[in-house]
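Novice: The listed protein sequences correspond, in order, to chains L and F.
According to numbering that gives the first Met the number 0, the residues represented by the first sequence are 0 to 407, in order.
According to numbering that gives the first Met the number 0, the residues represented by the second sequence are 0 to 407, in order.
Calculated directly from the structure, the hints in this document are not laboratory data.
Because the structure is a prediction, the values reported are computed rather than measured.
Backbone N, C-alpha and C define an ideal beta-carbon position, used for all residues, glycine too.
Treat the hints with care, as some may be off.
What the hints assert, rightly or not - One side of the interface only, derived from the structure: several residues of chain F facing chain L at Cβ under 7 Å:
{"hint": "1", "residue": "57"}
{"hint": "2", "residue": "324"}
{"hint": "3", "residue": "332"}
{"hint": "4", "residue": "339"}
{"hint": "5", "residue": "403"}
Claimed, not checked - Where chain L lies over chain F, by a calculated footprint (3+ residues, C-beta under 8 Å):
{"hint": "6", "segment": "42–56"}
{"hint": "7", "segment": "80–91"}
{"hint": "8", "segment": "112–125"}
{"hint": "9", "segment": "304–317"}
{"hint": "10", "segment": "351–361"}
Now for the letters of each chain:
Protein chains: 2
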Amino acid sequence: MTVAVQQLKKVSGKNIVTPKGYKAVGIHCGLKHKKYDLAVLISEVPASVAGVFTTNAIQAAPLLVTKEVVKENGKMQAVIINSGNANACTGAQGMADALLMQQKTAEKFSISQNLVGVASTGVIGEKLNMKPVLSGIEKLNPMDSLEGSIQFSQAILTTDTVTKNTAYKTEVDGKEVIIAGTAKGSGMIEPNMATMLGFITTDANIESVQLQQALKEVTDVTFNSITVDGDTSTNDMVLVLANGLAGNQSLNPSHPDWENFVHALHTVAQDLAKMIAKDGEGATKLIEVEVHGALSDCEARKIAKSVVGSPLVKTAVFGCDANWGRVIAAVGYSGASIDPNGIIIAIGETVVVTNGEPAHFSEGLLTQYLKQPEVKIQVHLNKGTGKGLAWGCDLTYDYVQINASYRS
Amino acid sequence: MTVAVQQLKKVSGKNIVTPKGYKAVGIHCGLKHKKYDLAVLISEVPASVAGVFTTNAIQAAPLLVTKEVVKENGKMQAVIINSGNANACTGAQGMADALLMQQKTAEKFSISQNLVGVASTGVIGEKLNMKPVLSGIEKLNPMDSLEGSIQFSQAILTTDTVTKNTAYKTEVDGKEVIIAGTAKGSGMIEPNMATMLGFITTDANIESVQLQQALKEVTDVTFNSITVDGDTSTNDMVLVLANGLAGNQSLNPSHPDWENFVHALHTVAQDLAKMIAKDGEGATKLIEVEVHGALSDCEARKIAKSVVGSPLVKTAVFGCDANWGRVIAAVGYSGASIDPNGIIIAIGETVVVTNGEPAHFSEGLLTQYLKQPEVKIQVHLNKGTGKGLAWGCDLTYDYVQINASYRS
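In isolation and in its complexed conformation, chain L is listed as follows (with noise of 0.2 Å):
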């Protein structure tokens, strides 16, 4: 991975229009007040497309009919979505509309109805009003351009305070390629499925099989090590779309550059992950658990992941409380295999147990440490050779007061 490191560059500028051939665009048709609420992405030419989905048993229909596409075709040219209703649990009638989405997106831009995919988020259970959502889509004017990413990022928005954007360039049979992704959180969002919305593009030439494949490589060690708040959404979905207009021979894992793609792909998709963390409803901080020493990966990224989404830690990083009683708890708690007298847990760079063991350390110091809008926490098992990564954020009244009020 050292290499692909080296050639990896983040790129600023025009989000997921950098790479070639993309264009989008948000605008607001009338479903929220007055936020953007509707968001077209485009692609000049039908690209590979690669797509997780939610594993809960409820899927909203806008959902069933982007995986029909992702599934019986592998390629797709534009992705059409509403923010402010998640067209779910609305039955036969949720479907119909989540078909004429497509329908009507495919005549805009002139391109097959089998090549849209269709995206909705926001509230469960209420009708799609589709009056404004079908004038809607007559309004739409994609951009390649950073105005037409940044209206593209702000429309897919629910409760999220901040767009999120990343891109990376990196080569391929010497040929620069774009990675490039945008997303929205940020409630409803855990671990073992797309929990949210995100959209990647990427002028690489791959073939939808190979991307499926470096888009499950990346997701769990990504989108599925992120938790807010542990409910599992209905609607969440994280697309890629591979246009291959940057020219290089396509990509397999047999290709050289295989590993530069998916390092790049990773990026992307981490990125995106640990924006939609630290933005999570109501939080002030964001939490990265990284566990050392566990039996494997997959025991890894579970203890962290446990860690990350304690109530009880969560509420401690708030409050700016080093209380790792609870961290060690939530280890404990996992399901993971440990040994409870091999643990040491760091809270930043301070040892706080070690041995399973309190340490001596200054307490005042780590309240300071816990005042930094980024808290780190690792955890050591001295059980095996495994590692894991996992990001979430605080539990605080913000979040209460959102949730609670979240209809009226």
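Dock chain F against chain L, hints included.
Specialist: Chain F in isolation, oriented as in the chain L frame:
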């Protein structure tokens, strides 16, 4: 069970010392600033004992000591409990301290050390201050009066706002048998173990093997069916002492009054479980979720626990928001087998979802209903005959406040 229900009567008065031959007391020894923090429960004669213990891989020293008593002897005559410090993650010193509490209690009451259980609850990872504990043990003067049981139930509390006591009488062999219980919550409460401290006394005559069987039978549907915050403690246990002074024939599953006894134990355990849920940290409301029509009782409980544990459901209930989309989402991610189109959901008496789609209902009336101190959510799955209950509480600003500053 109909016969059992008829024979069961709630009794008020002396709480856990209502059954013959028990005494209890609670005092302030000095672990906490002012509140009671040391308690003892003692039986006139060695009692059969059964226990369920935390499933957390990190287990506190007193819990290990008590497990040993239950496992090795099947008999217990006294339990010594401190609050204010969990004596967890305290290494060899912690184990020595727990054993010393056991020894000094045995000496004080002239009973065998291996008949003494030890329990601690409070902050994890701080060494127990043994000086006040040891001088406190010397001062303990248990009583078979209401005063003694009230002090006991006060001394085991941590962030609880109320004491939790219940007692019932039933008949076995025509003889009156009393079962009584006391418990503490109220954070780090999550099913799949005895997730709190609970002490149940009875004068029934029953061997420890049968008592363990009865306890196991009721634990899954009572203590293991509550959740406050999903955190699983290192210390928690439920102990049942049965001293045989009621004089009935020894109870076993083929005894004609076995069901009476189990039903009484179930009722005591369910009362305590609901009290713990209702007094969850920061809670303003008890939430009861009842699931019908699942593939099995186990699946029904899984769904009920998923709904009652959802932070989004909990905040919506706090905010009196009939946001059933969050309920159906939690049903969906429970992991149980469901048919999205067959689901019916009712909040109180109001059906909000039929066959997976929104029903027509008055938001205003439902908002009024959600202002009650006890909120019931029913889920009908139309998949099978499994049914189950779970209890929890709303998630409030006070939960955050309590846990952001627990050690301050």
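Novice: With reference to the structure, classify each hint as holding or not holding.
Specialist: Okay, the hints, checked on the actual structure:
no. : hint    : in the structure
1   : 57      : 3 Å, holds
2   : 324     : 3 Å, holds
3   : 332     : 4 Å, holds
4   : 339     : 5 Å, holds
5   : 403     : 3 Å, holds
6   : 42–56   : holds (count 3)
7   : 80–91   : holds (count 5)
8   : 112–125 : holds (count 4)
9   : 304–317 : holds (count 7)
10  : 351–361 : holds (count 5)
In summary, this structure violates none of the numbered hints.
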